[in-house]
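Chemist: Each chain, letter by letter, is given below.
Protein chains: 2
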Amino acid sequence: MSSTNQQSSWETKAQIARDILEKSIPKQWLIDPKVIQATNTRNVTIAVEKCGLLTDDEIEMTNTTIDGLLEKYRGGIWTAEAVVAAYIKRATIGHQLLNFATEFLAESAINTARNLDKHFRETGTLVGPLHGVPVSVKEHIGIGGARCNASFVSKIDSVIEEDALIVKLLKAAGAVIHVRTNQPQSIMHLDCNNNITGMTLNPLDERLSPGGSSGGEGAAIGFRCSVLGVGTDIGGSIRAPAAFCNAYGFKPTALRNPSFGLVGAMGGQEGIRGCVGPLARNLDDLMTFEKVIWDQEPWEVDTVLVPLPWREAKVSPGTLTVGIMFDDGLVRPHPPVIRALVEAEKKLKASGIETVLWEPHNHPEGWEILRQLYFPDGGERVRAIFNESGEPVMPLTEYALTRGSKEPLTIHQTWDLNMRREKLRREYHALMRERGVDVILCPSYAGVGALQGTPTYWLYTAIWNALDQPAVSFPSNVVADKDLDKADAAYEPRSDEDKKEWEAYDPELFHGIPVSVQLVGKHHRDEELLEAAKIIEGALLS
Amino acid sequence: MSSTNQQSSWETKAQIARDILEKSIPKQWLIDPKVIQATNTRNVTIAVEKCGLLTDDEIEMTNTTIDGLLEKYRGGIWTAEAVVAAYIKRATIGHQLLNFATEFLAESAINTARNLDKHFRETGTLVGPLHGVPVSVKEHIGIGGARCNASFVSKIDSVIEEDALIVKLLKAAGAVIHVRTNQPQSIMHLDCNNNITGMTLNPLDERLSPGGSSGGEGAAIGFRCSVLGVGTDIGGSIRAPAAFCNAYGFKPTALRNPSFGLVGAMGGQEGIRGCVGPLARNLDDLMTFEKVIWDQEPWEVDTVLVPLPWREAKVSPGTLTVGIMFDDGLVRPHPPVIRALVEAEKKLKASGIETVLWEPHNHPEGWEILRQLYFPDGGERVRAIFNESGEPVMPLTEYALTRGSKEPLTIHQTWDLNMRREKLRREYHALMRERGVDVILCPSYAGVGALQGTPTYWLYTAIWNALDQPAVSFPSNVVADKDLDKADAAYEPRSDEDKKEWEAYDPELFHGIPVSVQLVGKHHRDEELLEAAKIIEGALLS
Numbered sequence: 001m002s003s004t005n006q007q008s009s010w011e012t013k014a015q016i017a018r019d020i021l022e023k024s025i026p027k028q029w030l031i032d033p034k035v036i037q038a039t040n041t042r043n044v045t046i047a048v049e050k051c052g053l054l055t056d057d058e059i060e061m062t063n064t065t066i067d068g069l070l071e072k073y074r075g076g077i078w079t080a081e082a083v084v085a086a087y088i089k090r091a092t093i094g095h096q097l098l099n100f101a102t103e104f105l106a107e108s109a110i111n112t113a114r115n116l117d118k119h120f121r122e123t124g125t126l127v128g129p130l131h132g133v134p135v136s137v138k139e140h141i142g143i144g145g146a147r148c149n150a151s152f153v154s155k156i157d158s159v160i161e162e163d164a165l166i167v168k169l170l171k172a173a174g175a176v177i178h179v180r181t182n183q184p185q186s187i188m189h190l191d192c193n194n195n196i197t198g199m200t201l202n203p204l205d206e207r208l209s210p211g212g213s214s215g216g217e218g219a220a221i222g223f224r225c226s227v228l229g230v231g232t233d234i235g236g237s238i239r240a241p242a243a244f245c246n247a248y249g250f251k252p253t254a255l256r257n258p259s260f261g262l263v264g265a266m267g268g269q270e271g272i273r274g275c276v277g278p279l280a281r282n283l284d285d286l287m288t289f290e291k292v293i294w295d296q297e298p299w300e301v302d303t304v305l306v307p308l309p310w311r312e313a314k315v316s317p318g319t320l321t322v323g324i325m326f327d328d329g330l331v332r333p334h335p336p337v338i339r340a341l342v343e344a345e346k347k348l349k350a351s352g353i354e355t356v357l358w359e360p361h362n363h364p365e366g367w368e369i370l371r372q373l374y375f376p377d378g379g380e381r382v383r384a385i386f387n388e389s390g391e392p393v394m395p396l397t398e399y400a401l402t403r404g405s406k407e408p409l410t411i412h413q414t415w416d417l418n419m420r421r422e423k424l425r426r427e428y429h430a431l432m433r434e435r436g437v438d439v440i441l442c443p444s445y446a447g448v449g450a451l452q453g454t455p456t457y458w459l460y461t462a463i464w465n466a467l468d469q470p471a472v473s474f475p476s477n478v479v480a481d482k483d484l485d486k487a488d489a490a491y492e493p494r495s496d497e498d499k500k501e502w503e504a505y506d507p508e509l510f511h512g513i514p515v516s517v518q519l520v521g522k523h524h525r526d527e528e529l530l531e532a533a534k535i536i537e538g539a540l541l542s
Numbered sequence: 001m002s003s004t005n006q007q008s009s010w011e012t013k014a015q016i017a018r019d020i021l022e023k024s025i026p027k028q029w030l031i032d033p034k035v036i037q038a039t040n041t042r043n044v045t046i047a048v049e050k051c052g053l054l055t056d057d058e059i060e061m062t063n064t065t066i067d068g069l070l071e072k073y074r075g076g077i078w079t080a081e082a083v084v085a086a087y088i089k090r091a092t093i094g095h096q097l098l099n100f101a102t103e104f105l106a107e108s109a110i111n112t113a114r115n116l117d118k119h120f121r122e123t124g125t126l127v128g129p130l131h132g133v134p135v136s137v138k139e140h141i142g143i144g145g146a147r148c149n150a151s152f153v154s155k156i157d158s159v160i161e162e163d164a165l166i167v168k169l170l171k172a173a174g175a176v177i178h179v180r181t182n183q184p185q186s187i188m189h190l191d192c193n194n195n196i197t198g199m200t201l202n203p204l205d206e207r208l209s210p211g212g213s214s215g216g217e218g219a220a221i222g223f224r225c226s227v228l229g230v231g232t233d234i235g236g237s238i239r240a241p242a243a244f245c246n247a248y249g250f251k252p253t254a255l256r257n258p259s260f261g262l263v264g265a266m267g268g269q270e271g272i273r274g275c276v277g278p279l280a281r282n283l284d285d286l287m288t289f290e291k292v293i294w295d296q297e298p299w300e301v302d303t304v305l306v307p308l309p310w311r312e313a314k315v316s317p318g319t320l321t322v323g324i325m326f327d328d329g330l331v332r333p334h335p336p337v338i339r340a341l342v343e344a345e346k347k348l349k350a351s352g353i354e355t356v357l358w359e360p361h362n363h364p365e366g367w368e369i370l371r372q373l374y375f376p377d378g379g380e381r382v383r384a385i386f387n388e389s390g391e392p393v394m395p396l397t398e399y400a401l402t403r404g405s406k407e408p409l410t411i412h413q414t415w416d417l418n419m420r421r422e423k424l425r426r427e428y429h430a431l432m433r434e435r436g437v438d439v440i441l442c443p444s445y446a447g448v449g450a451l452q453g454t455p456t457y458w459l460y461t462a463i464w465n466a467l468d469q470p471a472v473s474f475p476s477n478v479v480a481d482k483d484l485d486k487a488d489a490a491y492e493p494r495s496d497e498d499k500k501e502w503e504a505y506d507p508e509l510f511h512g513i514p515v516s517v518q519l520v521g522k523h524h525r526d527e528e529l530l531e532a533a534k535i536i537e538g539a540l541l542s
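Heads up: the protein sequence lines correspond to chains A and B, in order.
Numbering-wise, the UniProt record's numbering puts 450 at position 450 of the first sequence, and it's gapless, one number per residue.
Numbering-wise, the UniProt record's numbering puts 350 at position 350 of the second sequence, and it's gapless, one number per residue.
Rather than coming from a laboratory, the hints here were simulated on the basis of the structure.
You may find that some hints are simply not true.
Treat identical chains as interchangeable: a pair holds within one or across any two.
Stated by the list, open to error - The list that follows gives simulated cross-link-like pairs (lysine-lysine, DSS-like), each with its CA atoms no further than 30 Å apart:
hint	residue 1	residue 2
1	K423	K168
2	K291	K314
3	K171	K423
4	K72	K291
5	K72	K534
Given the sequences, and given the hints that come with them, work out the whole structure.
Modeler: Okay, structure coming up:
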């Protein structure tokens with residue numbers, strides 16, 4: 001009886017957030033999903049453009065990214081209002097198919113867009129480098145006046161006073177925030193499900209996870225509900241959704257983008273730092289995002305940040321050396337992922353870019369450090385927050401919480417782990433210098449994707465959080481192919497974890513899914529990494 | 001009986017370090033202290049130049065700082081060997097008077113100097129910007145091949161393999177390390193006494209503390225035993241000795257100078273970060289030290305560092321605004337300190353530099369954060385190290401260890417304190433911007449100095465560690481004067497701590513002692529701070 005009461009109590013509370021979402025959905029754009037189903041198209045991003053729900057203008061607008069939008073605005077060809085409306089419409093349709101939103105901000109977005117248009121009419125100039133650019137924002141990033149529950153039922157009542165600093169800076173540059181996006185319980189899944197608004201689906205295939213924790217952003221960018229998405233990443237939470245949804249995602253070196261004003265459970269945990277970063281539809285937009293943020297000197301407000309403005313990095317194909325890591329030695333990537341890297345190696349060589357094999361350095365130590373430092377309190381804080389509301393702990397939350405110590409670490413254990421972390425960072429950096437490697441090309445995940453509820457192997461992305469090296473996931477231009485990428489039943493896994501991931505490879509399921517790769521830079525060489533990614537993507541597309 | 005055994009055991013071990021020191025002292029320069037006493041001079045730095053022990057050349061060499069030395073070397077007028085020998089001689093005399101050294105490195109220093117001279121003879125060029133500059137180094141900074149006990153008896157056997165990174169960088173620039181210097185037990189006193197090599201005295205007056213924890217450096221620079229000293233500071237440990245010994249000391253923003261290769265008890269403690277920094281005999285030499293370190297990109301080795309090379313800061317008297325903080329609201333500075341700041345205010349105004357009153361912002365919160373985060377383990381680590389050897393815990397160690405929690409903090413308590421620390425840093429920075437204040441001029445300590453064994457009020461320096469703002473201590477050009485700086489018996493102290501410090505003011509004792517001031521910059525504006533200090537010192541000397 002008591003358990004029923006408790007359940008009904010957390011459900012009642014969760015309903016508040018569901019109602020907010022429901023109420024916020026622009027009703028004029030509700031669709032009959034059968035219209036999409038009738039296209040018989042697995043990839044709903046393609047389906048939506050076939051089904052007739054969007055006008056040609058709306059399709060063009062939602063296929064345009066930052067530079068294109070600014071050009072249309074400057075030429076007076078499009079208004080911000082029309083563009084923002086088109087994105088809201090597409091997002092409304094996308095939400096019905098993918099359940100990616102936690103709240104639409106349609107009215108304020110349209111008002112902001114009108115003001116931008118007014119400004120342009122009156123002055124002939126754009127307000128900034130993101131004038132009229134529709135931006136989606138992950139749930140736990142504070143939006144002034146909104147309730148930010150950070151996917152915890154017990155936090156549903158917390159109304160945020162002020163925009164998070166990252167949101168303020170985006171708005172100051174002219175961005176229009178039109179939708180908030182879903183994330184998993186505890187923000188510590190590479191998947192996207194919670195007890196409040198439920199599971200987000202992948203626009204490429206609804207059986208697949210959109211990745212996580214910025215899974216709502218992955219779906220939003222994949223479906224083109226926004227131009228830029230603002231995610232967060234402490235173990236792959238920007239890069240996995242980007243990888244799974246055929247998008248671009250950048251995790252900078254920690255302490256470059258401001259996290260000030262984020263809602264979470266773990267404030268003050270500094271052993272492994274999460275960070276804010278962008279998802280987008282191309283590398284240029286990731287770069288524009290960072291330039292916009294760093295040019296505004298966020299360290300003048302959030303003093304924990306490193307005062308490094310955006311630098312124009314000098315990287316040229318002739319001097320770039322790319323280390324390629326095909327396998328981290330722990331979990332073997334699926335055949336399409338290996339093939340994408342083999343193809344990349346060929347294309348890079350054909351473009352005159354030097355490549356070397358990157359042998360991973362002590363990734364098990366990285367995982368050991370991460371799994372202890374993610375929850376140095378033994379998960380007590382997060383469990384206490386669940387207990388407050390009585391919401392059930394989901395399996396992937398339990399998985400994350402039980403990787404490390406079940407008891408709080410002692411202060412001395414945390415000191416030892418901090419020292420091991422710094423040692424590993426020094427070693428890895430020294431090795432890159434010693435081997436003359438500027439960037440490392442590697443998998444974004446062990447597979448091309450993962451079924452809903454299943455992604456558990458974090459280390460292809462998380463190792464770079466342990467090392468605090470910037471990393472960007474982007475499409476490899478290779479698509480999984482059941483004929484080329486045969487499952488190798490004879491493979492003898494190195495561990496249970498390797499076995500689990502290896503068995504997750506299903507050539508039929510993944511056939512046709514684009515393969516992502518991840519490019520990793522040196523600590524604090526974020527600009528050099530992004531420039532290198534441009535060069536490498538150019539080679540992969542050639 | 002057992003306690004006697006234990007005592008004899010730690011004494012035996014301590015004797016190893018004492019023997020190393022004793023053996024290292026260059027015997028040819030041992031003096032009869034009566035020669036100094038015969039000068040009837042309280043300030044032994046003055047006495048040593050009067051007493052005839054040093055030749056005119058030796059006096060001139062040991063009064064010359066970096067630029068002067070390089071000029072003489074370039075002109076072929078002095079050899080590095082002669083200069084280094086002069087400094088070793090002066091240091092040997094100084095050590096007998098002040099007990100500031102833990103080990104002389106005379107032989108290697110002379111060899112290094114000879115190699116530098118050879119290089120110059122053969123190439124006509126100096127090896128770097130610190131060619132032949134004698135540098136003293138605090139005990140716990142690793143010197144390859146030496147035993148670094150970090151003033152813990154139980155660490156006396158630990159032989160260091162490699163030089164600390166800071167030492168490597170100094171040597172690469174041509175510096176000659178000729179002597180290692182004393183520090184207090186636990187490295188957490190504003191004084192300089194330990195169970196191994198004992199108490200260091202102040203060259204200005206042997207009754208006074210040289211300050212600490214870099215007290216050996218304070219005495220060394222004050223007596224001109226070296227041109228540059230390498231200290232460390234987590235609460236005032238560079239600035240207090242500089243202040244007490246009429247020297248210059250700079251604590252940079254943390255994570256700019258490398259601490260990699262330091263020996264200590266608290267590795268991995270990151271709540272409040274200590275840092276390495278220079279002591280010197282003028283501001284130019286502090287700046288040269290930093291330029292030398294930052295130009296060598298230490299972050300390429302010690303990846304925890306912020307990758308900021310030395311910047312030429314643009315600061316001009318016409319645009320500089322100096323906030324003056326006469327009193328932190330907790331402990332009232334002694335009359336000579338207040339007078340130095342009043343004088344400074346007049347001189348700054350007379351030089352056309354804008355000044356405003358700086359009202360301290362929540363310094364009690366800063367102290368609360370510091371006292372909890374210095375020893376978040378309740379002091380267990382340090383006490384365990386004492387127990388290992390059985391060495392007695394000294395009163396000032398006990399004082400430091402008992403400021404915070406006697407029990408280890410919980411992980412959640414450390415998170416909360418980390419968040420409070422970041423909040424205070426943001427607030428303080430915002431306030432400086434809001435008030436238009438570029439730098440804050442304030443006391444280096446509540447008094448002009450302190451009797452041996454007595455300095456306990458840390459907050460005039462430590463607040464800037466809590467805030468991670470760079471700070472430099474330097475002579476104010478005002479000297480304590482019993483006639484001008486009367487004790488005010490009518491003053492009603494605000495607290496026991498205030499009372500203790502107020503009663504410590506002894507006009508007779510401090511008469512004639514130079515008064516230090518401290519200048520504080522914005523977080524990460526280290527170069528701007530040092531440039532501002534140059535301008536302000538210029539005004540104070542005018």
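Chemist: Can you name, in rising order, the numbers of the hints this structure does not satisfy?
Modeler: Every hint satisfied by this model.
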